[in-house]
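With the hints as constraints, model all of the structure from the sequences given.
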Amino acid sequence: MRFADTTALKIAMIEASRAIIAAEPELTRVDSVIGDGDHGIGLIEQLSENNFSTPYDLFHAVGLCLVKSMGGSSGVLFGTLFISGLEEIKDKDSLNGVDMAAFLSGGIQGVIRRGRANPGDKTMVDALLPAESEMNSALKSTDDLGQVLKAAHKGALSGVESTKNMVSRLGRSKNFREQVIGWPDPGAMSVSILLGGLANSLSQD
Amino acid sequence: MRFADTTALKIAMIEASRAIIAAEPELTRVDSVIGDGDHGIGLIEQLSENNFSTPYDLFHAVGLCLVKSMGGSSGVLFGTLFISGLEEIKDKDSLNGVDMAAFLSGGIQGVIRRGRANPGDKTMVDALLPAESEMNSALKSTDDLGQVLKAAHKGALSGVESTKNMVSRLGRSKNFREQVIGWPDPGAMSVSILLGGLANSLSQD
Amino acid sequence: MHWFSEGREFYARKWFTGMLKAHPGRWELFDSQISSATLFSSHKVTDRVAVIISSGGSDGPWSPGFVGENLADAVVVGAPFTAPNAYAIYEAAKALDTGRGVILLYNNFMGDYLNNDMAEELLRIEGHRAIQIPVHDDIGMARGESRENRGGRSGIAIMTRIAASASRAGLSLDEIANLLKKANSRMATICVSIDTENNIVTFGRGFSDEPGFKTGQMGMRETAEETIRLLTEDISPKTDEKILLMVNPLRLAGYDEAYVMGNYLYDSLSANYNILRMNVGAYIHILDGYGFTITLLSADSELRPYLEGVINGDGFSI
Amino acid sequence: MHWFSEGREFYARKWFTGMLKAHPGRWELFDSQISSATLFSSHKVTDRVAVIISSGGSDGPWSPGFVGENLADAVVVGAPFTAPNAYAIYEAAKALDTGRGVILLYNNFMGDYLNNDMAEELLRIEGHRAIQIPVHDDIGMARGESRENRGGRSGIAIMTRIAASASRAGLSLDEIANLLKKANSRMATICVSIDTENNIVTFGRGFSDEPGFKTGQMGMRETAEETIRLLTEDISPKTDEKILLMVNPLRLAGYDEAYVMGNYLYDSLSANYNILRMNVGAYIHILDGYGFTITLLSADSELRPYLEGVINGDGFSI
Ligand SMILES: Nc1ncnc2c1ncn2[C@@H]1O[C@H](COP(=O)(O)OP(=O)(O)O)[C@@H](O)[C@H]1O
Ligand SMILES: Nc1ncnc2c1ncn2[C@@H]1O[C@H](COP(=O)(O)OP(=O)(O)O)[C@@H](O)[C@H]1O
Ligand SMILES: [Mg+2]
Ligand SMILES: [Mg+2]
Ligand SMILES: [Mg+2]
Ligand SMILES: [Mg+2]
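Residue numbers (the working numbering), protein chains in the order written: chain C, 7 to 211; chain H, 7 to 211; chain X, 1099 to 1416; chain R, 1099 to 1416.
Be careful, since some hints might not be right.
Here are the computed lysine-lysine pairs in the DSSO-like style, where the Cα-Cα straight-line distance is at most 30 Å [said to hold, decoys possible]: (1) R:K1119 <-> X:K1340; (2) C:K96 <-> R:K1192; (3) X:K1312 <-> R:K1280; (4) R:K1119 <-> X:K1279; (5) R:K1119 <-> X:K1119; (6) R:K1119 <-> X:K1280; (7) X:K1119 <-> R:K1192; (8) R:K1312 <-> X:K1119; (9) X:K1336 <-> R:K1119.
Note that these hints are calculated values from the structure, not bench results.
Right under this line is the structure:
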């Protein structure tokens, strides 16, 4: 798909949500070891019950819904991811790869601003930054939405892999430094599942 | 000894106290199993620091000292044992076997009145009543203080033995009915040690 | 469990000395001996009945936290898990009696009974009027025997409140004693302990860890219903009575969990009875695993005036 | 640990509903969602700064017991051990702001910071002034890093009291924030956990059971001395300051033991410093074995007016 309208994006969001819900046992297992086991609960089932007129409205609703329903660290950070880049897609009826990259980059900067995490701190930032740079590389040769999201997903996956050897320096899990080595960061995993779900849905024709 | 003056009685009380203190580890062990492990602590060391003019004064002081210093059940019951029979020895300068028996019987009735224990309830009463009856039997043939106390001690010992097969029906240990079978009652043991100490000291010539 | 590097004998004295440092002017250390210590309220008893509570150490705010303004006038505490001695109770009562008499309130355990009984006798000999009230609310103990044989549990927190309010209302010693006897006969407590791994609930565990009389696998709602059933069966509330419900967490249960449980209990009780109030708090806080002790007092119009309003003590309100 | 047969999601709502039944008229349930619930004081905020506290569930009287007369104006609580969500905090603040602004007070954990930070942003967008104060008193955490990186512990009970008193004294939002920042910089807490079998004492155990930084076999007096040494080393009290000492038992330690320990701590502290007051109580009551969390706040003449007198909350006085 070169670009997607609000309906296609909503379908993609639902698919991504389902992927996260399906991964919940795995996420919970990872989070139980290094955190508190509440990651990934009750994400965005409400989406399907509403209609949205623009991508802006859709993602604004997704962001607020995450902030409203989750608690803990990841709800507010995922909310930030969807809300901080909204300015980039104002007034658009559909998004192509360039728009999506701008939207996600804005969100990633928002997460970093709020969370003050550095690369290597073993957080979702370690999936978000490689996703952003793969996305930017892809943009040099294409503006296809599906291609750009696939690149982002690829970057996120390698980021998740890299978190396995990291030592936590932020949040609750930093207090269990030794114990987290070998495990990926659950927030980074959620990012890769989210981007994978979007890429999957939006690269079909 | 046919009879004893205040000084001899005081020496006997101190000897009996020492016997109880020496038995403390054993008493504590028994009480820990079926009670709370605080039986026999800090009994009557203060005795040696005071002078008494009559047996009445001596035993009155012993009784109050027990009530004042011990807490729990045994302090007040031993106090009662020494206080309730005091009327019987008022105005006496020395005690023979008859006097001692009257004094102890008064005390035993006091313990039963306050504690409302029945024979067979696995309490000190099960040592006190056989002590009283052996004492009364002995009085038929002698008024020797030492002989009477030896009889009381003998009765108490058989009473202690009988408590081993009893089930507690009073106090904390009644709530551990099964667990107390096979163990003697610590209060009964204290009675027998006390009487043994007195008999020992007061049967020398 | 007790970490007393310097021995248990002076435990109550150290405890009370700490209390005085935390709340200067609130209490006075009246006396302390090897095996017990006595704390007075700094609010003096003037022309009313004095209320003295006593217990073995280590119970939670009850007992010494229940001494003070609008609460008891003195407490006598023994060494850990040991009744305080009769002489200390006697001396406290002698010092506080204004001529209107003294209530001796305690949980019905053998050592506490024996010592309060002797204190009452020593006082009588010297012309003081004292009436002892042994509280026997624990329906887990002495099952099948008469009510008077049961042990006391957390209901004594409510009894203390009633005694203190009645004394301040100017009631005579006999009137207060009758009021307390009535409350005693209309009150029941049960310990509900919970194995949270397996949702196994045990009803009736004793104060000294005696086994309960009923066990089952159940959730909170069912547990609440069974608790209310057992307690109301014991006191058979009359239609003109209103029930005070008290929820007291055991040490491993928290403030939050006590209220969550309280919520279920309240609903279950209000389905069939009139509720006067629900008190939730760690009033008696014996080390006792995970669970709650739950008390009902069925209060008629005579008792209710002495249960009005909230009294703040040290670490609780009741 | 938690015995919630009906799920953790609605936990805070059930908890608060129980609280409302126990104390009718004292609080109002403002809002409750899947992952959090909000309780308001029924004492309305009138022309003064509003104080909102927030936390993951299951802390003890702090947090919701600290809402009420002369205490915080609202609390937002998340699911057990999970920070409440930003939106709930934002909504509570919006409802309570009288135009004088809002203090958002919380213990410095990542989830609590992130959510309060976003709430502050959402409020700013709509023209409400809010200042967040993350409390970071736990000297056991983030050792060697800057003070601001540490977690919060029981000191937040004192901070809540200061904020509430300062608001009622009419101070502006900025004045209160500055006061709280000063208190934050003059406060230190340590967890002292004790293996009572072997008298082994561990200093600095974390809120989520992170290992301590120092261990040794010692008795109460020595433990008290070491505790005071570690805490005063952190805050270096100045000669014109007076120290508030707070002793908070962990769940397996009792009322009595907290005062016995308090007695030793008081003596050890008063040997070299001026003591303002000692508070002993189960303010924050996380399930945490046997031991205490002990807090010192070195208060200068600017802070002291907001620490005067005793405030009664639900299950504590401070
Ligand atoms: N400051 C931060 N910046 C970026 N990501 C963070 C930060 N703190 C936590 N995270 C992410 O949040 C995830 C934990 O989410 P969650 O389980 O909801 O939090 P909590 O530990 O508060 O319960 C971590 O795996 C990490 O990826
Ligand atoms: N009602 C009673 N009548 C007679 N003796 C009793 C009674 N209750 C307890 N005792 C005696 O007291 C002893 C326990 O004493 P102690 O350990 O001081 O009491 P407690 O169990 O209160 O700590 C028992 O072994 C028993 O002999
Ligand atoms: Mg987590
Ligand atoms: Mg979380
Ligand atoms: Mg005993
Ligand atoms: Mg005892």
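Q: Would you check the hint for X:K1312 and R:K1280, treating anything up to 30 Å between C-alpha atoms as holding?
A: violated (55 Å)
(Q) Between the alpha carbons of R:K1119 and X:K1119, is the straight-line distance 30 Å or under? (A) Violated. R:K1119 to X:K1119 sits at ~35 Å, over the 30 Å cutoff.
(Q) With the threshold set at 30 Å, check whether the alpha-carbon distance from R:K1119 to X:K1340 stays at or below it. (A) Measuring from Cα to Cα gives roughly 15 Å; hence the hint holds.
Q) Are the Cα atoms of C:K96 and R:K1192 separated by 30 Å or less? A) Holds: C:K96 and R:K1192 sit about 27 Å apart, inside 30 Å.
(Q) For R:K1119 and X:K1279, compute the direct alpha-carbon distance and say whether it is at most 30 Å. (A) Holds, at about 28 Å.
Q | Given pair status - X:K1280, R:K1119, alpha carbons within 30 Å | A | holds (26 Å)
(Q) With the threshold set at 30 Å, check whether the alpha-carbon distance from X:K1119 to R:K1192 stays at or below it. (A) violated (42 Å)
(Q) Does X:K1119 sit within 30 Å of R:K1312, going by the straight-line distance between their CA atoms? (A) Holds: R:K1312 and X:K1119 sit about 29 Å apart, inside 30 Å.
**Q.** Straight-line alpha-carbon gap X:K1336 to R:K1119, limit 30 Å
**A.** holds (22 Å)
Hint check: violations occur at hints 3, 5, 7; the rest are consistent with the structure.
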